[in-house]
Each structure stands twice: as C-alpha cells, then as structure tokens.
Amino acid sequence: MAAINRDDVAHLARLAHIEMSAQELDRMAGELAVIVDSVKSVSQAAGDDVPATSHPMPLTNVFRDDVVGHTFTAEQALSGAPDSEDNRFKVPAILDEA
Amino acid sequence: MTETNELIRLSAAALAEKLAAGEVTSVEATQAYLDRIAEVDGGERGINAFLHVNAEEALAVAAEVDAIRAAGGAEAEALHILAGVPIAVKDLIVTIGQPTTAGSKILEGWHSPYDATVVERLRAAKMPILGKTNLDEFAMGSSTEHSAYGPTRNPWDLDRIPGGSGGGSAAAVAAFEAPLALGTDTGGSIRQPGAVTGTVGVKPTYGSVSRYGAIAMASSLDQIGPVSRTVLDSALLHQVIGGHDPRDSTSLPDPLADLVAAAKTGNVEGLRIGIIKELHGEGYQAGVENRFRDALELLKEAGAEIVEVSCPNFQYALGAYYLIMPSEASSNLAKFDGVRYGLRVLPEEGPMTIERVMGATRAAGFGDEVKRRIILGTYALSAGYYDAYYGSAQKVRTLVQRDFEAAFTVADVLISPTAPTTAFPLGEKLDDPMAMYLNDVATIPANLAGVPGLSLPGGLADEDGLPVGIQLLAPAKEDARLYRVGAVLESLLEAKWGGPLLQSAPDLAAAVAGPVETLVGSQEAK
Chain A
1 MAAINRDDVA HLARLAHIEM SAQELDRMAG ELAVIVDSVK SVSQAAGDDV
51 PATSHPMPLT NVFRDDVVGH TFTAEQALSG APDSEDNRFK VPAILDEA
Chain B
1 MTETNELIRL SAAALAEKLA AGEVTSVEAT QAYLDRIAEV DGGERGINAF
51 LHVNAEEALA VAAEVDAIRA AGGAEAEALH ILAGVPIAVK DLIVTIGQPT
101 TAGSKILEGW HSPYDATVVE RLRAAKMPIL GKTNLDEFAM GSSTEHSAYG
151 PTRNPWDLDR IPGGSGGGSA AAVAAFEAPL ALGTDTGGSI RQPGAVTGTV
201 GVKPTYGSVS RYGAIAMASS LDQIGPVSRT VLDSALLHQV IGGHDPRDST
251 SLPDPLADLV AAAKTGNVEG LRIGIIKELH GEGYQAGVEN RFRDALELLK
301 EAGAEIVEVS CPNFQYALGA YYLIMPSEAS SNLAKFDGVR YGLRVLPEEG
351 PMTIERVMGA TRAAGFGDEV KRRIILGTYA LSAGYYDAYY GSAQKVRTLV
401 QRDFEAAFTV ADVLISPTAP TTAFPLGEKL DDPMAMYLND VATIPANLAG
451 VPGLSLPGGL ADEDGLPVGI QLLAPAKEDA RLYRVGAVLE SLLEAKWGGP
501 LLQSAPDLAA AVAGPVETLV GSQEAK
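Same order as they appear, the protein sequences are chains A and B. With the working numbering as the guide, the letters of the first sequence map in order to residues 1 to 98. With the working numbering as the guide, the letters of the second sequence map in order to residues 1 to 526.
Derived from the structure by calculation, the hints contain no laboratory data. Owing to the predicted nature of the structure, the values given are computational and were not obtained by experimental measurement. Beta carbons are placed, not taken as given, at the ideal position from N, Cα and C, and that holds for glycine. Hints are supplied without guarantee of correctness; some may be wrong.
Stated by the list, open to error - Listed next, with one range per pair, are the computed distances between beta-carbon atoms: (1) B:Glu463 / A:Leu15: 28 to 38 angstroms; (2) B:Lys264 / A:Glu85: 50 to 60 angstroms; (3) A:Val68 / B:Ala55: 35 to 45 angstroms; (4) A:Asp86 / B:Ala14: 52 to 62 angstroms; (5) B:Pro253 / A:Val67: 36 to 46 angstroms; (6) A:Asn5 / B:Glu269: 54 to 64 angstroms; (7) A:Glu85 / B:Glu428: 44 to 54 angstroms; (8) A:Ala10 / B:Val410: 18 to 28 angstroms.
Claimed, not checked - With a cut-off of at most 30 angstroms between alpha-carbon atoms, the simulated DSS-like pairs for lysine-lysine come out as follows: (9) B:Lys126 / A:Lys90; (10) A:Lys90 / B:Lys477; (11) B:Lys335 / A:Lys40.
In isolation and in its complexed conformation, chain A is listed as follows:
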C-alpha cells in the first residue's frame, strides 16, 4: 500500500472542503503517514472468504406507518442558519463565474 504524502493530503483536503495552509499540510502529512502505517496490517488480516460487516446489529426494512408526523416549521429549520431569505437557506454563489 502506498504511503500518504503531502500531495495526497492537499487533494483530500480539497475533496473534504477544508482549506489548509502549507504548514498544516506538512504536519498533517507526517501525522497521517504514521497512522496509515499503524493501521495497514488490517488489509492482511482477512481472506477473501470473510464477509464484510457494515453494521453490528443488522436490521432490514425498517419502516414506519405512513402517517403524518411532527415536522419542523420553516422558522425552526432555519433557526440555526447563518443566513436565510424567504424561508430558504441563503448561500453565496454556487458557480465560479458569479
């Protein structure tokens, strides 16, 4: 398995929408390399015949009765929003050319 490097961290930080300074990228790359190295034995632990477990207590088809229940008012839903207008969340431009 390839080691994680500074360029990887920069790419991952972009994917995760976290701005990082050059200094932060350097430090994070070093720390993550140690962590990844410590956990990599996991990939050798199980053979192909072992099924994956995503959930410790599997439940399937969890439905409720199709009846109208409690919902938030628009005011409640927007109560923690940094910005809103006309009962909607308000955000800056979603496209670069704005």
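Since the structure of chain A is already known, use the hints to place chain B on it.
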C-alpha cells in the same frame, strides 16, 4: 462534613429514596449540585466539566417535582423513581433551551430546535438537567484535550486528563458536581473516562438506546449510555433512556431487560468469567494489571469460574476502528458546511463561491483532530484505496464478532482492564495521535461487535495512586449480566476498601483554589 457535602455524595439511588421519603427536596439537592459546580468547576484550576450550566430550568423542574410530591395523590404516586434526581448531559446530545456545541467552534452558540430521544426521556422522568458537559470535539479523542473550550481536569489530579471523549461527564460525576450523567461511546468514550476518574460507565448494546439527537461521529459504532458513581445508579439511568425508538432506524425492537433487578441479584456463583488473553499483560501498566488480578481473585472467591479465552483478531481491532470510524465521521461531518447551522466564515480574498466559503468555514471551525480524522476517512474511502482500507476493516469487524461469539461459548461474561494505563498528564500525548489512539485498545472491540461493556472502579494503581478501571463485556442484548457481575464486584471491592473508591479522592475545593500552575493542556483551539 457539612450537610451539603453529604447530600452531593449520595448515590442517585440513595438520593431518590430520600426524595421519596420527604427527607430532602429536589430543589435542595439540585441547588447543592449547582453550588458545587460554582465551587469547583470554574477558574484557572477548575475542573471545567461543564460547558453550560442550566440552573434556572433545573431548579424549575426540581420545584415541580417537589410540588407534585407535596400535593400527594395519584400524580405523586406516578412519579418516576429518579424524579427530582439531577443529571448532566454530554454536549454531543441535543437539547432544547440550552446550547449544543459538540465541543466545537463550528457549533458555538447553536441551539437545537429539537430534543434527543434520551433527553425527552429524562424530561418525562422529571430529572433536572444541570447542564452540558465538556468533550473532545465531536467526541474525537481520549483525553478531552481536543475540546475547543479547553480541557477538563481529572478530579484525582488536576494536571491529568479525565479521559475522553466524555471527560466532562465522568469528571462531573467524580467531582460530585452531578450524581448522574449521559455519555456517548464510539470506541470507549464512556468507559475509558470512567476508568481514569474512578466512576462507572456503561456502553449498552448497539441499538438498545436511541441515538436520535446524538450528533453522529461514526453511526455504526456510536452508542449513548449512563455515567454514575455506582453500578446500580447506571442500571437505574439505563432503564430511563433505553428501549425502542421509532425515530432511530437502528433502534432494536427488543424490550429492555430488568437491569435494576440484575444489579440487585447479589451473586455470581457458577458464572463463567473469561479473561481475554489479548487484553492484559504486555503493554498494560503494572498497577493496572495488579488491580485486574485482585478483581479476578475476588470474583473467584465469590464462586465465579474464571476461564481464559483467546480473541486473536483483536490485534487488528484498533487498526480497523481507525479506518471505519474516520470513514463514517468524514461523511457525517460533511453537513457542517456553513449553510444550515453554525459558523459561516467568508474567504478573505478571491471569488466568494459556496465551495470557498465551505473551505474557509471548515478550516476555521474544526480543530486539528477533527481535520485529521476527516482527511483519514476521505483517504480510506477514496477510489483505489477503498478495498484495501475500508473494505478490509469491515472484514476485520466480522472476525472480531466471530472472536466474541467463540469466547461467549465458554464464558458468560468477559473481563479485562478498561484502559492500559491510569490517567496521563495533560499535554503528554497531544503531539502523538497514534499514542493517544492506543488508549482505546481494550474498549474498541465491543464497539466493532456491538456488544455491551461496563467499566467500574477497580482500585488505585500502586505506582501513582490513580484509579484503575475494570471492564466487563457481555453478549449483545445481555446487558443485564454486566450489572449483575458489576454490582457484585463493586460490593466486594468496597468491603475491602471500607467504602466507595471516591472517598479516597483528594479534597477538591482546596485543590481547585490552590496555586496556579502553567496550564499544559491548552491547545490550538484556545
């Protein structure tokens, strides 16, 4: 000892009895705890267990309970056994009327428009909520040093960590600032703080206590549970919060067993208690190992059969956990983006697009540990690495479950130290994330497999005089066994000590008011 001092030192069960008998009022008890919080929680050397104190509402609920009791009749008869007994709530659990921060700057000042199911159940039982307790940011840590609001101090030694992530809840209970608290446990965040503060903490079977309203870190691992000073108190609280909740799709439909009755069983004769070969010995502090041996000896004398079991795949559990947990966390924390709630930070220059606002908001709002885990999880889930990391970790999860299944064919309950060491000094492991992660080595397998675990005080380590935790583990949905064995072990140990372990803790009021030393634990967020 003053009367107030005696009042705050009562167990929740004893306080509940005095309330029911009319010997003390809930307002008196609640005020005594609020006074204690004012005395020991603030200031340079304060415990800092509370991020928010909810005095007004707590006293109002207490007064309501007192009025119902005074009036008598059917309503008084119908009061819950814990009515009027105050409680603290980990600040990862949402509450109407109080801020919820998750220990993060990104949620500073945020108020939830809804209550968590467990909080609704506390309100239904009329338990006054004293406030919200400190934690590692988004419950990510083992020392509470990753809180954006400063570390919590260990009541046994103010320069040491109280464990994490639920260091606030454990320290509040250990410092007699609350008789009970709620915690959340994803990899040990209830049990490890319990171990290092000399308190009791229980991670219930996954799905047996609703997670609705607990801000999710790793959804397949997170579990809310009780924090207390006695095993019986945890059983009482567990019965308040447990049971099916249609609002949590992972909530088990099974009815809760009678956990209080289990805690009152009073014998372990004939029970098979399994020592997990891989979870003691090498890597565990000598004083921890000694107290673990003492506990085994007591259980044996009480008629339990001690057997040894091997769980060979536990060696991969820590690695699998530190792939699965960050993967789920990176997804769960995507919602903190400066749009729907919490902080929004605008970029200082350049185009003002939503992507750049998200990047600036998350850079400013998250601390280092949260960023590390989000990046690690994003990595483990990325194309090309998914099979090797996340996929392999999920297979290890199957192997860990199989190890537990095999162990539980020869043992009814498993036992180990809760944490490999006693409380370490604030600041000691902050710069070494992997060393910090190793604290969770004994607690993580239970989360991966979904089985319940309980930590109770096992005594003080010879070399440093600090509390050691003993962990009990049971098969899924057999939480009652933990309370049965835990209560017996607790009573045997207390008979040996001549009372509860916390009676040997140092005088906190004096220590907190003592000379100011350099605060070594404060970190980037402060």
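Do the hints match the structure? See the list:
Against the hinted window of 28 to 38 angstroms, the Cβ-Cβ separation of Glu463 of chain B and Leu15 of chain A comes to about 46 angstroms, which falls outside the hint. A C-beta distance of roughly 59 angstroms is found between Lys264 of chain B and Glu85 of chain A, which places it inside the suggested range of 50 to 60 angstroms. Checked against the hint of 35 to 45 angstroms, the pair Val68 of chain A and Ala55 of chain B passes, with Cβ atoms roughly 38 angstroms apart. At roughly 56 angstroms, the beta carbons of Asp86 of chain A and Ala14 of chain B sit within the given window of 52 to 62 angstroms.
Taking 36 to 46 angstroms as the suggested C-beta distance range, the pair Pro253 of chain B and Val67 of chain A does not conform, at roughly 19 angstroms. In this structure the supplied range 54 to 64 angstroms holds for Asn5 of chain A paired with Glu269 of chain B, their Cβ-Cβ distance being about 59 angstroms. Judged by the Cβ atoms, the range 44 to 54 angstroms given for Glu85 of chain A and Glu428 of chain B holds: they are separated by roughly 49 angstroms. The hinted window of 18 to 28 angstroms between Ala10 of chain A and Val410 of chain B is violated, with their beta carbons roughly 51 angstroms apart.
Distance check on the hinted pair: Lys126 of chain B and Lys90 of chain A sit about 39 angstroms apart at the alpha-carbon level, beyond 30 angstroms; violated. Pair hint Lys90 of chain A plus Lys477 of chain B does not hold up; C-alpha atoms about 46 angstroms apart against a cutoff of 30 angstroms. The straight-line distance between the Cα atoms of Lys335 of chain B and Lys40 of chain A is roughly 29 angstroms, inside the 30 angstroms bound, and the hint therefore holds.
The structure shown violates the earlier hints numbered 1, 5, 8, 9 and 10.
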